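Go ahead and model the full structure; you've got the sequences and the hints to work with.
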Amino acid sequence: GQNIDQPTEMTATEGAIVQINCTYQTSGFNGLFWYQQHAGEAPTFLSYNVLDGLEEKGRFSSFLSRSKGYSYLLLKELQMKDSASYLCAVRVSNDYKLSFGAGTTVTVRA
Amino acid sequence: EAQVTQNPRYLITVTGKKLTVTCSQNMNHEYMSWYRQDPGLGLRQIYYSMNVEVTDKGDVPEGYKVSRKEKRNFPLILESPSPNQTSLYFCASSLWEGERETQYFGPGTRLLVL
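Sequence order for the protein chains is Y and S.
For the first sequence, my numbering gives the first residue as -1, with consecutive numbering after it.
For the second sequence, my numbering gives the first residue as 139, with consecutive numbering after it.
Just so you know, these hints were derived from the structure itself, not from any lab.
Computed from a prediction, not measured in an experiment: that's the story for all the values here.
Everything hinted at is true.
Here chain S is said to cover these stretches of chain Y; the calculated rule only asks that three of the stretch's residues, wherever they fall, bring their Cβ under 8 angstroms from a Cβ of chain S:
{"id": "1", "stretch": "39 to 51"}
{"id": "2", "stretch": "82 to 89"}
{"id": "3", "stretch": "95 to 105"}
The beta-carbon is built from N, C-alpha and C at its ideal position, and this holds for glycine as well.
Structural data, given as structure tokens:
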């Protein structure tokens, strides 16, 4: 099976920066996704990395190192609305399956 | 409006009574998939489809069937539901632009099997 690990919970202060790490051990690799999911809602797409390096999109950035099996999602200038669960998912090559980590619940405090 | 729709949004049923959850997308996406989400386990892929008449198993396909007779629809079928299939179900479709993929999720279907 695929193994994707991310911390269960993180807490940060409004205006601060939080980094959510994701490590993976999979039988192949064909891209890594980050999603945001508010309680009771569907996941929404944040980022997709298939090559090493940093991808920046507004307040959110995602980094990938394929050789280390590691990614992080960086949330800057935190806002209360960023309180949500953040899901890391890896698309395994050859069969296009998508495997998710259990998610990281981020709580933003005033 | 580009979207993925699922019906029903909420369903209570009894063990053994066949049910179908519909999924439809209006974005002409080729790739569609079904997931279930359970507390502490995260999202797990049930089935996926690369195109019409092409489907394959995800990580947890037991007890489920799917079909892809047309590009826009990807129904999930539970022939004989059991209580362990009580879950939150999401359908999704993907846009591919070169090697970049963006996945769009439907609003979810909450299923309770008694």
